[in-house]
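Taken in order, these protein sequences are the chains called C and Y.
Read in order, the letters of the first sequence are residues 1 to 215 in full-length UniProt numbering.
Read in order, the letters of the second sequence are residues 1 to 212 in full-length UniProt numbering.
Any given hint could be a false lead.
What the hints assert, rightly or not - Partner residues aside, some chain C positions facing chain Y, computed with beta carbon under 8 Å: (1) R45; (2) P49; (3) H77; (4) A82; (5) T83; (6) Q84; (7) C86; (8) C89; (9) Q114.
Unchecked claim - Label pairs and their in silico Cβ distance ranges: (10) C/T95 - Y/L6: 58 to 66 Å; (11) C/P122 - Y/D80: 45 to 53 Å; (12) C/Q148 - Y/Q98: 39 to 47 Å; (13) Y/F49 - C/R126: 43 to 51 Å; (14) Y/L198 - C/R126: 54 to 62 Å; (15) C/A125 - Y/R170: 47 to 55 Å; (16) C/K94 - Y/Q43: 20 to 28 Å; (17) Y/S60 - C/Y34: 18 to 26 Å; (18) Y/R139 - C/Y215: 34 to 42 Å; (19) Y/V59 - C/P98: 34 to 42 Å; (20) Y/S60 - C/A189: 50 to 58 Å; (21) C/A75 - Y/N71: 21 to 29 Å; (22) Y/G162 - C/Y215: 35 to 43 Å; (23) C/E96 - Y/P133: 25 to 33 Å.
By construction, these hints were calculated from the structure, which means they are not laboratory data.
Note that CB positions come from ideal geometry on N, CA and C, so glycine has one too.
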Amino acid sequence: MAQIFPKKANLLPLLTLGASAFGFVIAVFLVWYYFSPEFTDVGYRPEQPVEFSHEFHAGQLDMDCRYCHNWVEEASHSNVPATQTCMNCHNQIKTESPKLAPVRESWADDVPIQWVKVHHLPDYARFSHASHVDAGVGCETCHGRIDQMEVVAQSEPLSMGWCLECHRQPELYLRPTDEVTTMGYVQPADFVDRNLEKVRREGIRPPTNCSACHY
Amino acid sequence: MRYLLLTFAALALVLTGCRGMESEDPPVHLNQDMDFQERYDAQEENPFFADNAAMRKPVSGTVARGLLRENNALYTGRTDDGVLVETTPISVSEAVVQRGKERYDIYCSVCHGLAGDGQGIIMTGDYGYTPAPTFHADRLRNEEPDGHFYDVITNGIRSMPGYASQIAVRDRWAIVTYIRALQRSQNASEGDLPESALVEIEQGQSANITVE
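Assemble the whole structure, with the sequences as input and the hints as a guide.
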């Protein structure tokens with residue numbers, strides 16, 4: 001009577017073991033890599049109704065962030081500027097430019113421009129710009145080098161783990177409050193000590209509880 | 001064995017090449033249950049209205065609680081008779097002037113220049129904007145009252161648009177105080193310096209002047 005399993009079937013258990021170990025490692029890696037917000041969220045760069053360039057306005061013209069996003073220090077929601085803010089200058093500058101046609105239409109018809117939101121936090125997580133900006137979190141820390149972006153792309157994951165990293169160790173990310181809108185700010189050598197001192201002096205206690213953001 | 005290595009290399013290449021790559025596709029969120037809720041946040045879209053805006057404009061003439069604005073001098077820069085006020089109605093301290101400097105540098109310096117000489121980047125960049133006047137001209141320095149500057153910031157003047165929607169009332173007055181300080185700085189005389197600073201300058205040092 002012939003053998004049911006040939007001799008080379010001895011390899012089968014070994015192969016099974018190896019393949020499942022390999023498969024497990026790959027699966028963990030795939031989930032860790034592809035399901036992470038660094039992969040799913042970062043780099044989102046939608047096309048906007050107007051080809052607005054932060055690189056030109058904030059970079060080359062060196063306008064302060066708050067000229068347009070003027071309620072960022074007072075309100076939870078940092079506003080997208082109204083058409084009126086665009087028309088402050090563009091009622092006289094490049095009035096014939098076809099790129100600005102949607103802005104002029106919006107101004108004439110009193111209909112807002114439909115900008116596409118890049119940084120969308122889920123509606124169940126509340127975020128206040130004012131409390132962060134006034135405590136000394138720079139624009140750059142969360143939004144990247146906006147002054148070098150022709151089109152705005154999301155540069156940080158905005159995930160909960162990423163938020164908590166800073167809430168647990170704010171001294172690694174804070175900067176002097178009057179440097180908040182500085183792009184390309186370089187931390188001094190002793191910035192951790194300075195920030196610890198700032199945290200103590202100003203009583204900054206970043207919450208790590210649920211009720212802070214999720215209500 | 002060679003195939004295994006090749007597979008590994010290919011995998012590594014595929015996996016590390018994609019993170020943070022720019023894309024126009026919206027973020028992939030597996031569970032969308034409460035990402036976009038059935039309510040409207042600030043500046044969201046609401047297709048119910050003709051202009052698709054969720055934020056509605058208040059009816060003109062309505063007054064919100066706590067925002068009656070009965071102090072004419074503070075809110076309009078004019079007395080009850082409609083005359084521009086001579087001096088700022090808010091109490092001025094160094095902190096107010098510093099706040100004014102910060103706000104001036106954000107909103108005004110783009111055209112009027114950091115020194116108030118009308119040489120802001122929009123003007124020097126030759127973009128075709130009507131030239132901004134210097135604050136150091138005699139008319140603006142000596143003849144116009146503080147209320148004039150507040151009125152211009154609020155309502156605009158000729159080619160300059162109003163900034164009422166961008167700058168809060170008290171910040172507008174703070175900017176007025178800083179413009180006054182700028183004007184003073186360009187027309188200071190020796191007598192304006194304290195004795196100690198004069199001595200330092202005579203000794204060839206740079207004087208650090210603090211405002212009382």
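Structure-based check of each hint:
1. Restraint check, C/R45 versus chain Y: the minimum CB separation of about 5 Å is within 8 Å; hint holds.
2. Hint status for C/P49 relative to chain Y: violated, with the closest Cβ pair at about 12 Å, above 8 Å.
3. For C/H77, the suggested interface contact is upheld, since its CB lies about 4 Å from the closest CB of chain Y, less than 8 Å.
4. Taken as an interface hint, C/A82 checks out: its beta carbon lies about 7 Å from the nearest beta carbon of chain Y, inside 8 Å.
5. Interface hint status for C/T83: violated, as the beta-carbon distance to the closest one in chain Y is roughly 11 Å, over 8 Å.
6. Interface restraint check: C/Q84 against chain Y, minimum CB-CB distance 6 Å, threshold 8 Å, status holds.
7. Annotation: C/C86 was flagged as interfacial toward chain Y, and the flag is violated, the nearest CB pair being 11 Å apart, outside 8 Å.
8. The closest approach between the C-beta of C/C89 and any C-beta of chain Y is roughly 7 Å, which is under the 8 Å cut-off, so the hint is satisfied.
9. Here the hint on C/Q114 is kept, as its CB sits about 7 Å from the closest CB of chain Y, short of 8 Å.
10. Checked against the hint of 58 to 66 Å, the pair C/T95 and Y/L6 passes, with Cβ atoms roughly 60 Å apart.
11. Between C/P122 and Y/D80 the CB atoms are about 51 Å apart, so this pair conforms to the stated range of 45 to 53 Å.
12. Checking the proposed 39 to 47 Å range against C/Q148 and Y/Q98 shows it is violated: the Cβ atoms sit about 30 Å from each other.
13. In this structure, Y/F49 and C/R126 break the distance hint of 43 to 51 Å, their C-beta atoms being roughly 25 Å apart.
14. Checking the proposed 54 to 62 Å range against Y/L198 and C/R126 shows it holds: the Cβ atoms sit about 56 Å from each other.
15. The hinted window of 47 to 55 Å between C/A125 and Y/R170 is violated, with their beta carbons roughly 32 Å apart.
16. Range check, C/K94 to Y/Q43: about 25 Å between beta-carbon atoms, so the 20 to 28 Å window is met.
17. Taking the beta carbon of each, Y/S60 and C/Y34 are about 53 Å apart, not inside 18 to 26 Å as hinted.
18. One distance hint, 34 to 42 Å for the beta-carbon pair Y/R139 and C/Y215, is violated here, with the actual separation near 55 Å.
19. Between Y/V59 and C/P98, the C-beta spacing of about 36 Å keeps the proposed range 34 to 42 Å intact.
20. Taking the beta carbon of each, Y/S60 and C/A189 are about 56 Å apart, inside 50 to 58 Å as hinted.
21. Take C/A75 and Y/N71: their Cβ atoms lie about 24 Å apart, and the range 21 to 29 Å holds.
22. Taken as a hint, the range 35 to 43 Å holds for the pair Y/G162 and C/Y215, whose Cβ atoms sit roughly 37 Å apart.
23. Hint check: C/E96 to Y/P133, Cβ distance near 26 Å, so the stated range 25 to 33 Å holds.
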